[in-house]
Amino acid sequence: MERIRNILKKCLAFILGKSKSILVTIKPSLIAICMGLIAGIIMMLIFNPSETLSGLRNLLIGVIYRNNQLNLRGILTTLHHSTTIILTGIAVVFAFRTGLFNIGASGQMMMGAYVTVHVGVLWSLPAPFHWIVGIFLGVVAGTIYGLIPGILKAMRNVNEVVTSIMLNWIAASLLVYLVNRNVLNPFTQGGSQNIQPTAIIPRLFSNYQLTIGFLIAIAMGILAHFLLYRTTLGFQLRASGFNVDGSKYAGMNTKRNIILSMGISGAFAGLAGALLFSNYGKTLSTEVHVFMEGFEGISVALLGLGEPIGAIIAGIFLSYIKQGGFYMQPAFRPEISDMIIGVIIYFTAISLALQLALKKYSGKIKTFIKRKHLTTREEDEQ
Amino acid sequence: MTYKIEMRNITKRFGNLTANDQVNLQVKKGEIHAILGENGAGKSTLMSILFGLIPADEGDIFIDGKQVHIKTPNDANRLGIGMVHQHFKLVEAFRVIDNIILGVEDVNKGLLSYQEARTKINELIKLYGLNVELDALIRDISVGQQQRVEILKMLYRDSEILIFDEPTAVLTPQEIKELIAIMKGFSREGKTIILITHKLNEIKQVADRCTVLRRGKMIDTVNVIDVSINEMADMMVGREVLFDVSKAPQAVGESILKVHNLTVKSPEQTFVKNVSFEVFSGEILGLAGIDGNGQTELIQAITGLRPFQEGTLTFKGIDVTNMSIREKYELGFAHIPEDRQRYGLILDFDLQSNLVLQNFYMEKFQSKFMLKFDRIREHSEKLINRFDIRSEKGPSTIVRNMSGGNQQKAILAREIQKPHHLLIAVQPTRGLDVGAIENIHKQLIDERQKGKAVLMVSLDIDEIMDVSDRILVMHEGEIVANVLAKDANINELGLYMLGEKREANNDGAHS
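Protein chains in written order, with the numbering used here: chain F, 1 to 382; chain W, 1 to 511.
Derived from the structure by calculation, the hints contain no laboratory data. If you're wondering where the values come from, they're calculated on a predicted model, not measured in any experiment. Any given hint could turn out to be false.
[Unchecked claim] Per the computed footprint, the stretches of chain F lying under chain W, defined by three or more beta-carbons under 8 Å from a beta-carbon of chain W, are:
| no. | region |
| --- | --- |
| 1 | 72-83 |
| 2 | 247-253 |
[Unchecked claim] Listed next, the in silico BS3-like pairs over lysine-lysine satisfying Cα-Cα at most 25 Å (straight line):
| no. | chain 1 | residue 1 | chain 2 | residue 2 |
| --- | --- | --- | --- | --- |
| 3 | W | K199 | F | K248 |
| 4 | W | K204 | W | K89 |
| 5 | W | K368 | F | K255 |
| 6 | W | K29 | F | K27 |
| 7 | W | K418 | F | K10 |
Each residue gets a CB set at the ideal place from its N, CA and C atoms; glycine is no exception.
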């Protein structure tokens with residue numbers, strides 16, 4: 001008995017100790033979320049003061065609880081929509097942890113999406129293999145597209161931010177060209193054909209949109225964490241990310257690390273595109289545009305504090321707020337939730353700076369008061 | 001009499017270390033006052049307190065007999081105290097004149113006005129002979145000229161007290177002569193100068209009085225004219241530290257590293273010209289020279305951090321000219337790098353990860369690409385105990401939070417424990433306190449007793465003389481001398497370092 005109690009005590013102490021340090025780590029995100037919600041409330045007060053309270057309630061808990069019952073559809077839709085941004089978030093996080101800024105997740109995602117649609121429309125394979133092959137080749141496409149800025153950075157020291165932004169637009173145009181050439185829907189002329197039923201990824205529950213893609217995304221978050229923190233590869237990649245000269249000195253192949261890291265990051269983004277477009281009824285448009293989910297991945301990565309597990313949580317959270325925005329209708333436009341997300345991201349980005357500024361400022365005030373005190377004393381002495 | 005500056009009973013502690021212990025400093029108006037002491041003796045701490053960079057725990061400061069409270073460098077500036085830091089604080093992309101007026105610009109209707117500033121600066125330049133092109137960009141001018149910009153910054157702010165922190169460390173002999181002349185000019189104009197240094201010759205040449213610090217304590221203040229260089233050295237080193245490193249005789253063995261006709265250049269500059277030498281097992285080969293004469297580039301080329309254009313490297317008979325850094329480590333290279341924070345460590349990693357930085361992929365620490373964290377921890381605990389690496393959280397301490405001395409110990413531990421035949425140690429004691437220096441010297445000599453080859457680069461000629469068995473001197477990218485330490489004398493080495501003398505024939509092997 002005594003022993004069990006001791007063990008329990010230790011466990012409790014461990015959890016308490018951990019939770020305190022976790023709280024400290026996620027403080028910037030929490031501050032940012034609060035600021036976002038405050039901004040949301042102010043906006044709601046301006047547009048429709050009488051409905052503010054009910055609007056806020058719908059925004060915050062409409063996804064879970066609505067019309068006096070559990071809102072299962074809301075929850076599952078939220079998770080479904082989070083799948084893509086979790087993965088693009090992981091893509092950005094992975095590159096970030098290794099010292100690279102992959103702003104090209106959109107482009108890598110588009111290439112993944114196209115290849116998956118291509119396989120889904122044009123190839124004929126039996127059911128489980130068809131979607132598996134489609135998604136797998138989508139990941140390969142994303143990887144290859146991610147390798148391009150990686151190789152340019154490693155071999156020619158070209159800034160990956162510049163190249164990957166440009167590659168986004170190349171991907172956007174290439175996508176339209178390929179859709180028009182290979183998989184154009186002859187009836188609508190405005191998009192790709194529907195993928196074959198065998199190429200559609202299975203749902204988790206037949207009545208809801210949520211697919212096994214969500215589970216894959218969670219697994220990828222854990223995989224990315226594992227890869228970064230437990231393997232020799234992750235050790236090298238992180239070392240290069242923190243200190244290129246130091247890892248070169250330690251005998252690591254920093255050029256290879258940059259290429260690998262961008263390739264892996266591209267793979268996650270490619271998977272995001274592949275999973276999104278193996279859903280029922282998803283087609284590629286023939287209008288040139290860059291997928292926004294890639295940029296949302298940057299937001300997810302920021303709010304998730306640059307950690308893969310954080311990206312999972314942040315992805316679900318942002319998707320939750322977005323979904324909550326729909327339940328604010330008709331009193332409010334759902335764009336309110338987009339604005340809230342914007343403010344949250346803004347404050348995540350500056351919250352560290354904000355904390356530092358507060359610290360500095362408080363110090364200055366103190367010295368100012370002290371100096372006043374001292375000068376008066378010196379005058380007295382004279 | 002009233003002193004220009006008086007610091008009374010200054011005490012400053014960092015944790016367990018007392019950097020300044022009841023230090024008194026009295027500086028007269030218009031004198032050049034040297035502060036002498038070894039690395040870690042507390043010179044920089046004392047000056048940082050005077051300049052408002054760090055607060056003192058105890059003690060008072062008086063300027064012109066009036067007690068003052070200096071909390072920030074801005075307070076110091078207001079009191080007419082200026083400082084030239086060892087590492088300059090200039091904006092590289094700005095012009096010289098912009099750097100001088102930065103922070104105290106004249107503004108006319110919202111626009112910068114240079115006219116008055118330019119007149120004033122030109123007068124200062126003429127008065128003190130501080131020639132520098134006002135419209136050149138900082139990044140385009142030499143280090144010596146950058147130092148003049150720092151000096152002009154102080155003068156432009158009408159500083160009456162000028163602090164120089166190790167000003168000659170980065171200068172060529174010619175520039176040092178000019179600087180000494182400039183400092184004497186300041187003294188003639190009635191400015192008060194504090195010179196921080198550990199170079200005895202310079203003090204003899206330029207200073208009026210000298211305060212000696214040792215291990216945080218003030219030993220004495222003397223008139224420079226009354227004491228010899230040897231007496232000052234005795235005061236600085238003290239009796240309790242043995243600087244005569246005792247070495248048992250050790251037979252020199254086979255050739256470990258052979259460098260043949262090595263040339264390192266960039267498109268603009270040749271750093272190393274056709275250098276050849278050998279390091280043998282059982283010897284410590286000291287590479288001496290004034291900073292910036294190609295030592296850094298030579299070592300980087302040998303270790304693989306920098307490509308070289310001509311020449312070959314042979315390690316125990318194996319051609320390693322084109323080998324990767326990792327392959328060299330596997331053959332038996334160990335390297336204590338010059339810049340420990342840039343190269344030696346990943347500062348944001350924990351201590352245990354840093355201790356396996358070069359061999360994390362080996363069987364011992366890895367299976368099927370998974371790191372064996374229990375083994376890594378075990379390994380690090382062993383090293384922490386053996387080398388007395390002190391840190392807050394042991395193996396999990398983030399290295400950035402460790403002190404410089406312990407960071408250096410961590411590198412030393414990692415490099416010495418791994419299997420190797422050659423240890424390359426570049427400035428292994430830079431920035432360390434006396435005790436740590438002694439310990440590192442002992443470790444280097446242990447290496448030699450074990451029959452390893454040691455190549456040590458140091459800017460400190462005394463360290464070279466004490467520790468090495470054989471000495472190479474580099475000047476402007478060439479090896480100009482190759483002498484046995486027991487036959488060498490410091491004056492002769494100094495002449496070699498200045499390039500005023502060179503050996504007719506040196507092939508880098510034993511003569």
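Here's how the hints hold up against the structure:
1. 72-83: violated (count 0)
2. 247-253: Check passed, 7 qualifying residues.
3. W:K199 x F:K248: Measuring from Cα to Cα gives roughly 35 Å; hence the hint is violated.
4. W:K204 x W:K89: Violated, at about 28 Å.
5. W:K368 x F:K255: Satisfied, since the Cα-Cα distance of roughly 23 Å is no more than 25 Å.
6. W:K29 x F:K27: Roughly 54 Å between the alpha carbons, so the hint for W:K29 and F:K27 is violated.
7. W:K418 x F:K10: violated, 38 Å
The earlier numbered hints that this structure contradicts are 1, 3, 4, 6, 7.
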